[in-house]
Structure formats: C-alpha cells, structure tokens
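Going down the list, the sequences are from chains A and B. For the first sequence, position 77 matches number 77 in the working numbering, and the numbering has no gaps at all. For the second sequence, position 54 matches number 54 in the working numbering, and the numbering has no gaps at all.
Because the hints were derived from the structure by calculation, they are not lab data. Take the hints with a grain of salt, since some may be wrong.
[As the list claims (entries may be wrong)] Computed cross-link-like contacts, DSS-like style, restricted to lysine-lysine with a CA-CA straight-line distance of at most 25 angstroms:
1) A:Lys2 <-> B:Lys41
2) A:Lys96 <-> B:Lys41
3) A:Lys96 <-> B:Lys55
4) A:Lys79 <-> A:Lys45
5) B:Lys66 <-> B:Lys55
6) A:Lys2 <-> A:Lys45
7) A:Lys2 <-> A:Lys96
8) A:Lys96 <-> B:Lys64
9) A:Lys79 <-> A:Lys42
10) B:Lys66 <-> A:Lys96
11) A:Lys45 <-> B:Lys41
12) B:Lys64 <-> B:Lys14
13) A:Lys42 <-> A:Lys2
14) A:Lys96 <-> A:Lys45
15) B:Lys20 <-> A:Lys42
16) A:Lys42 <-> B:Lys41
17) A:Lys79 <-> B:Lys41
18) B:Lys20 <-> A:Lys96
Chain by chain, the residues:
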Amino acid sequence: RKEVEQDPGPFNVPEGATVAFNCTYSNSASQSFFWYRQDCRKEPKLLMSVYSSGNEDGRFTAQLNRASQYISLLIRDSKLSDSATYLCVVRGNTDKLIFGTGTRLQVFP
Amino acid sequence: GAVVSQHPSRVICKSGTSVKIECRSLDFQATTMFWYRQFPKQSLMLMATSNEGSKATYEQGVEKDKFLINHASLTLSTLTVTSAHPEDSSFYICSARGGGRADFEQYFGPGTRLTVT
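Please model the entire structure based on the sequences and the hints provided.
Following this line, the structure appears as structure tokens:
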C-alpha cells in the first residue's frame with residue numbers, strides 16, 4: 001500500500017464549479033499535512049498546510065480527519081488558472097515529506 | 001517566500017557520462033537540502049537528505065556511489081549523476097530548509113530535466 005494515496009483524476013470541471021479532492025495516508029504517526037500544487041513540468045509549490053480544525057484560504061478549504069487518516073481539499077468557484085496537479089503531502093516524525101502521485105484538475109471555460 | 005535556484009534547468013547527455021546539478025538557496029542559509037526525483041506521472045520520490053558539512057543520508061534503493069551529493073556550504077548543494085544511463089532520465093528537484101523558518105517548510109528549486117541518450 002502506498003503511504004499517500006490520491007485519485008489521479010483527471011477531474012474536468014467548468015469554470016465556477018466546486019471540486020473536492022481526497023487523500024488517505026497510511027502512517028498514523030504522521031504529524032504534518034499539506035497540499036501542494038504542481039504545474040506541468042514545474043516544481044511543486046505549497047498551496048496550504050492542513051490543520052486538524054480545518055482551514056480556509058480564500059476559495060480553498062482543507063480538512064484533516066486523523067481518525068480516518070484522510071485529508072481533503074475543496075476548491076470553490078474554480079478558475080481556469082486552477083488547472084494543475086494537486087499533491088497531497090504528509091510528514092511523519094522525521095524531516096521527510098511523502099508525496100502522493102497527485103490529482104490532476106482541468107478547468108474548462 | 002524563499003528562493004531556491006537550480007542549474008541547469010535542462011540537460012541532455014550521452015550514456016556513460018556524468019552530470020552535475022547545482023542547487024542554491026539565494027536569500028537564506030539552508031541547513032538542510034533534499035534531492036527528489038520525479039518520473040512522468042509519478043510522485044516526487046526523495047533520494048537523499050543532506051546537511052551542510054556532513055555526508056548525505058540516502059533513501060533505500062538509491063545508490064550513493066551513483067548519485068553523489070555534496071553540501072559544502074549553507075547555500076549550495078550539488079548532485080552528480082555518475083555514469084548516467086537512459087533509465088536515469090528524470091526530473092530532478094531540490095528543496096532547501098533553514099534560515100530560521102518553520103521546520104516543515106521546504107522551498108523547492110525549479111527542477112532539472114535530465115535526458116540521457
């Protein structure tokens with residue numbers, strides 16, 4: 001079983017739609033959780049950290065369920081510029097970041 | 001945010017040659033640098049972790065004699081792919097951490113696309 005699992009997609013949604021991505025992780029000792037965004041042939045960029053209480057940053061909302069070892073990302077009012085691959089990332093009790101394979105989002109006009 | 005650069009951004013080399021990739025933190029001192037590799041449609045896989053002035057720690061399955069890492073200063077780490085083969089063709093990305101920032105924050109370089117012919 002992979003340490004971090006994501007649905008690869010692609011998710012094809014129209015502009016203005018709301019879309020949600022899910023992620024599960026296998027290590028219950030994981031301590032930090034993040035969503036990164038990666039554009040084609042570019043490096044990943046931190047989108048937001050994920051906190052137990054859930055957190056929101058503009059159109060983006062992240063949730064963490066430690067009991068189910070599940071992380072989610074909700075994007076409201078999708079823009080064309082949101083088209084990218086969204087990486088679920090988990091850090092255990094070491095320095096290492098464990099990346100999921102990513103979920104590809106394509107927003108169309 | 002912090003700036004990390006990589007050089008070169010793209011390199012094509014012949015099988016059997018060696019390639020050096022540089023990773024620099026431009027506006028902070030990176031106590032730790034990480035090297036990742038990403039094959040098409042796959043996730044980033046950590047290859048090794050390097051701390052300034054000490055030997056790199058390699059992940060299981062990564063050959064330390066093939067992927068030489070040097071972290072000689074707080075702003076520079078290098079990855080040398082020795083005797084490259086076509087299966088080493090990949091996207092190599094470094095990240096850096098330090099400068100008093102939160103311990104989870106890693107800043108990624110723009111990546112180096114290596115093609116071995």
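Right, here's what the structure says about each hint:
1. A:Lys2 <-> B:Lys41: Roughly 15 angstroms separates the two Cα atoms, so the pair holds.
2. A:Lys96 <-> B:Lys41: holds (21 angstroms)
3. A:Lys96 <-> B:Lys55: Distance ~17 angstroms between A:Lys96 and B:Lys55 Cα, so the pair holds.
4. A:Lys79 <-> A:Lys45: Answer holds: A:Lys79 to A:Lys45 is near 18 angstroms, not above 25 angstroms.
5. B:Lys66 <-> B:Lys55: holds (15 angstroms)
6. A:Lys2 <-> A:Lys45: holds (22 angstroms)
7. A:Lys2 <-> A:Lys96: At roughly 15 angstroms apart (the allowed maximum being 25 angstroms), A:Lys96 and A:Lys2 satisfy the hint.
8. A:Lys96 <-> B:Lys64: holds (18 angstroms)
9. A:Lys79 <-> A:Lys42: holds (19 angstroms)
10. B:Lys66 <-> A:Lys96: Holds. B:Lys66 to A:Lys96 sits at ~21 angstroms (cutoff 25 angstroms).
11. A:Lys45 <-> B:Lys41: It holds: about 17 angstroms lies between the C-alpha atoms, which stays within 25 angstroms.
12. B:Lys64 <-> B:Lys14: At roughly 21 angstroms apart (the allowed maximum being 25 angstroms), B:Lys14 and B:Lys64 satisfy the hint.
13. A:Lys42 <-> A:Lys2: Satisfied, since the Cα-Cα distance of roughly 24 angstroms is no more than 25 angstroms.
14. A:Lys96 <-> A:Lys45: Roughly 16 angstroms between the alpha carbons, so the hint for A:Lys96 and A:Lys45 holds.
15. B:Lys20 <-> A:Lys42: holds (20 angstroms)
16. A:Lys42 <-> B:Lys41: Holds - the C-alpha atoms of B:Lys41 and A:Lys42 are around 13 angstroms apart, at most 25 angstroms.
17. A:Lys79 <-> B:Lys41: Within the cut-off at roughly 23 angstroms; holds.
18. B:Lys20 <-> A:Lys96: Roughly 24 angstroms separates the two Cα atoms, so the pair holds.
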